[in-house]
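Asks: For chain A, the structure is supplied; the task is to place chain B on it using the hints.
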Amino acid sequence: MSVVVIGLSHRTSPVELRERFAFAEGKIPDALKSLRNAGVAGEAVILSTCNRVEIYAATPLEPTKAFGELKNFLVSHHAYDAALGDELYTLAEPHSLRHLFKVACGLDSMVLGETEILGQLKTAYDMALKHGHTGARLNKAFQRAFHTAKHVRTHTNIQRGSVSVASVAVELAEKIFNSLGDREVLVIGAGDTSEKTARALLSRGAKSIIVTNRSFDRAQALAAELGGRAVSFDNWAGEFEKVDIVISSTSAPHHILDCAKLEPLMKARRQRSLLLIDIAVPRDVDPAVNALDNVYLYNVDDLQSIANDYLKLRQEEIALCEAIIAEKVKPLLAAKSSIDFADERRLHFSHLRKSAQSAD
Amino acid sequence: MLVTWFTDRHFFLLAVAFYGLSTVYSVFLWRRGFRKDDWANYFLIVAGVALHTVAMFKRGLTLHSCPVNNLYEATTFLLWALGLACLVYSLLPRFKFLAAFTAPVLFTIGVFALMPSLDVHPLPGAKPDFSNWLRSLHAATILQSYGAFGLAAVAAAMFLMQQHDLKFDKLRAVLSLLPSIQRLELITLRLALVGFVLFTIGLVTGQQLPRPEGKPYFSDPKVIWSALLWLVYLELIVARLFFGRSTRRFTIGVVVAFAFLLLTFWITNLYSGLHHP
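Residue numbers (the numbering used here), protein chains in the order written: chain A, 1 to 360; chain B, 1001 to 1277.
The following block holds chain B by itself, in its conformation from the complex:
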């Protein structure tokens, strides 16, 4: 009965509450120097992602389609991909604290996504048509790439913190149970690569989609923004892989690129004629 009375937004609200609890616990872990290895934070994120999944499932059932029709849905999809990837990567040896670094991102974006103005139902006829498989592929790959970029940024933040401690707070560095910085760098690079490949597939499929009448493609803010983002990640990866850019600069770049993505994602979406006909 309770499940029937609860809407998908209630479930998402509960999920965000769990992300919030995890954030508070993460601050505690951070203050203790990530010395104690426990599963509490991981299970808080598991609870959050489970509720989040129910929320998305309920919304999907109501719409009879993939729930990525407005900014709220797109944001929750992005967060879900990020949360799920975090749970998988946290199972790697010494990566349990990934949850502690991901929780603040999940909580902050989750609170933002809960703003009622983001959850606007599309006007009749303006709803994206997901009967086209290419459109579904476009939406899914783009949002998953954001998730991968997000997790890369989280791993990069872990790297920067551990690197700082290894240089200036040596005891904290040896006492913490974080992975080696070399491993963190490798994970950051791999996630950035995965995100980049998914993003490229998303952009290519997006370019193939039928466009609304009278809506320009190459001058669309979202298209310009996406191309810019693609170039940023391309530069970061190429410079690191082929030109020996330092790990520190690479990881800072990954964090900054994701911060840019987060801060500008909604604005470009709102002004995009292609995404907001």
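Same shape as in the complex, but just chain A:
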């Protein structure tokens, strides 16, 4: 039996199509059962996430025939009547196994190197295993893929660093403060990115959030969502003595914070470190404040460029990851050859036995 893959992902199809082919978690065991009952696959695993829908099957059929049957299964299962083109990809060995390993390592993910997919793949495999839809081939392939993903994570930098503005801001905060546990965060301007950044800081243990906005209602709404408190826009400077991290994203056409305003505030803070995250365009904070002692200013370009650099670093690791995958897939293919050889021998001997019996 050879392992084949059929599916569609964020690389080949828009979300409208992916959601059309998505499998509801509760219906996957039945889908696997009907796939096996149809004789298309001896073993099968269905992976269905927001970014991909894939069927991994160990099939006794010729790959070309298997792909046709699997495509028919997908189309009929989802009652899809429009034409399908390049959106659906099909892979036979060894590419199918390499693909499985790449997916497990996050190399085929939208955010290169992300780890969420490994958990999703494990869940998909566990579900198939629990319902008895996997066997020697897929068990070995999936377990080796999980092991390889772990190896790649520890031996390369593919998962190193943050690739979003919010997570870069958190990482920088952790380079400045010993712990985020006792840090107060001030959000000036209740925008989408500032909300995401505040949430990221809270998820890493930030103590509390203070929100201020020109519209006090909006500030109150966001503060309630984040479990913080709102202050009037005219009084935010009064909070400076307490806070350690400021996220600013107002739509003010000029700087709302400059050296003249910040210097006395820093004195009042007894020169405690202050992290300023300015994600407003035009900028809210005068870049000159970065020269002040114990003030660390990052604007949206700084954060984005760090995220991009991280992504570049991850991309540089792809070749190394693929080399590791190629090495790890080899024994799987060799084992498959020996299984095929043993199957052929078994078939040959059974033929001989049958011939001898008929001669008798």
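Hints listed in this document are in silico derivations from the structure and should not be mistaken for laboratory results. Note that beta-carbon positions come from the ideal geometry of N, C-alpha and C, so glycine has one too. Some hints could be false.
[Said to hold, decoys possible] Derived pair list, reagent style EDC-like, types lysine to aspartate or glutamate, alpha-carbon separation capped at 20 Å: (1) LYS1170/B with ASP293/A; (2) LYS1167/B with GLU171/A; (3) LYS1036/B with GLU316/A; (4) LYS1036/B with GLU317/A; (5) LYS1036/B with ASP126/A; (6) LYS1170/B with ASP286/A; (7) LYS1170/B with GLU62/A; (8) LYS1167/B with GLU317/A; (9) LYS1170/B with GLU116/A; (10) LYS1167/B with ASP293/A; (11) LYS1167/B with GLU316/A; (12) LYS1170/B with GLU19/A; (13) LYS1170/B with GLU263/A; (14) LYS1170/B with ASP126/A; (15) LYS1167/B with ASP234/A; (16) LYS312/A with ASP1119/B; (17) LYS1167/B with ASP192/A.
[Said to hold, decoys possible] Simulated coverage check for chain B against chain A, where a stretch passes if three residues somewhere in it have a Cβ under 8 Å from a Cβ of chain A: (18) 1045-1058; (19) 1155-1168.
[To be verified] Away from chain A, derived, C-beta distances all over 12 Å, residues of chain B: (20) TRP1039; (21) LEU1084; (22) PRO1104; (23) LEU1137; (24) ALA1173; (25) SER1180; (26) ILE1181; (27) GLN1182; (28) LEU1186; (29) ILE1224.
Replies: Showing chain B alone in chain A's frame:
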């Protein structure tokens, strides 16, 4: 047999060679932005400190006393305290790179200490008498305080580098595995405080010691230098703790104070009638 043939200076030479290797490796780590977390540098310093300990032990056995009788011995004692403290502090989370910052200090002072002119045996009768426990306490606390000041300077240098990167080389800052600057500042302050307390004990015990005949105390260069150093560290600590001096100025002060200590320690010792009767 080899151990018998090797003198304490041979062992110290080997220790300095390990500090040198660690320095070279540190340059490599620095060039790579302290991104890779490994133990190689730590174990180079472990090897150096182990050989250093053997060297001091052998010298102590030969003298039948604590080996702090001349500048070579005093310097090696200071380095040993610094190396040992570095090994202990490196075990703190994210402090493994402390070894990379300490190695150049250990190597530079180690090479200096190897100058034969520093290892002059005291004239008969001029050898310090360590049977007086106060004298031993004085020598040990003073040299340990130098070690603490040295390590504070190393932590301060780490702080300054990381702070610079956080402001001007942001990617390097986030990629490096150095501790947070707040933690570095805390360690610098604590080490400076430990050094200051030890130094104060050393000075107080030194003041209680019997003085050689005809040797003035308050005009002795080493006494004046020590008092000046004590005032410098007092000012640094008080300004930071009670007057909100910026961390940057405080850490620069700690580095400069230790550089001053290193550059003037030998000269004042040579001209001190109390320490060189």
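Asks: State for each hint whether it applies.
Replies: Verification of the supplied hints:
1. The hinted pair formed by LYS1170/B and ASP293/A meets the criterion: a straight-line CA distance of about 16 Å does not exceed 20 Å.
2. With a C-alpha separation of about 14 Å, the suggested pair LYS1167/B and GLU171/A falls inside the 20 Å cut-off, and the hint holds.
3. A distance of roughly 16 Å separates the Cα atoms of LYS1036/B and GLU316/A; the hinted pair therefore holds under the 20 Å criterion.
4. With a CA separation close to 15 Å, the supplied pair LYS1036/B and GLU317/A stays within the 20 Å bound.
5. At most 20 Å may separate the alpha-carbon atoms for a hinted pair to count; LYS1036/B and ASP126/A exceed this at roughly 35 Å.
6. A hinted pair counts as satisfied when its Cα atoms are at most 20 Å apart, and LYS1170/B with ASP286/A qualifies at roughly 18 Å.
7. Among the hinted pairs, LYS1170/B with GLU62/A is inconsistent with the structure: their alpha-carbon atoms are about 54 Å apart, more than 20 Å.
8. Restraint check: the Cα-Cα separation between LYS1167/B and GLU317/A comes to about 27 Å, which exceeds 20 Å; the hinted pair is violated.
9. Taken as a hint, the LYS1170/B and GLU116/A pair is broken in the structure, with Cα atoms around 27 Å apart against an allowance of 20 Å.
10. Of the supplied pair hints, the one linking LYS1167/B and ASP293/A holds, its CA atoms being roughly 10 Å apart against a limit of 20 Å.
11. At roughly 26 Å between alpha-carbon atoms, LYS1167/B and GLU316/A are farther apart than 20 Å, so this suggested pair is violated.
12. Restraint check for LYS1170/B and GLU19/A: not satisfied, since their Cα atoms lie roughly 40 Å apart, outside the 20 Å limit.
13. At most 20 Å may separate the alpha-carbon atoms for a hinted pair to count; LYS1170/B and GLU263/A exceed this at roughly 23 Å.
14. Straight-line distance between C-alpha atoms of LYS1170/B and ASP126/A comes to about 42 Å, which puts the hinted pair past the 20 Å bound.
15. With a C-alpha separation of about 29 Å, the suggested pair LYS1167/B and ASP234/A falls outside the 20 Å cut-off, and the hint is violated.
16. For the hint pairing LYS312/A with ASP1119/B, the CA-to-CA distance comes to about 55 Å; that exceeds 20 Å, so the pair is violated.
17. With a C-alpha separation of about 26 Å, the suggested pair LYS1167/B and ASP192/A falls outside the 20 Å cut-off, and the hint is violated.
18. Chain A is given as covering the segment 1045-1058 of chain B, and this is violated because 0 residues of the stretch bring a CB closer than 8 Å to a CB of that chain, at least three being needed.
19. With 3 residues carrying a beta carbon less than 8 Å from a beta carbon of chain A, the segment 1155-1168 of chain B meets the three-residue requirement, and the given coverage holds.
20. Even its closest Cβ contact with chain A, about 16 Å, leaves TRP1039/B beyond 12 Å, as expected for a residue assigned away from the interface.
21. Non-interface call for LEU1084/B relative to chain A: holds, since the shortest CB-CB distance, roughly 25 Å, exceeds 12 Å.
22. Consistency note on PRO1104/B: stated as away from chain A, and its beta-carbon is indeed over 12 Å from all of that chain's, at 24 Å minimum.
23. For LEU1137/B, the condition that its CB be more than 12 Å from all CB atoms of chain A holds, with the nearest at approximately 35 Å.
24. With a closest Cβ-Cβ approach of about 6 Å to chain A, ALA1173/B is found to fall inside the 12 Å limit, against its non-interface label.
25. Consistency note on SER1180/B: stated as away from chain A, yet its beta-carbon is not over 12 Å from all of that chain's, at 5 Å minimum.
26. Remark: the non-interface label on ILE1181/B conflicts with the geometry, its nearest Cβ contact in chain A lying 6 Å away (cut-off 12 Å).
27. The claim that GLN1182/B lies off the interface is violated: its Cβ sits roughly 4 Å from the closest Cβ of chain A, which falls inside the 12 Å cut-off.
28. Distance check on LEU1186/B: its Cβ comes as close as 7 Å (rounded) to a Cβ of chain A, failing to clear the 12 Å threshold; non-interface status is violated.
29. Chain A leaves ILE1224/B outside its interface by the beta-carbon criterion, the shortest separation being 33 Å against a cut-off of 12 Å.
Checked against the numbered hints given earlier, this structure breaks hints 5, 7, 8, 9, 11, 12, 13, 14, 15, 16, 17, 18, 24, 25, 26, 27, 28; the rest are met.
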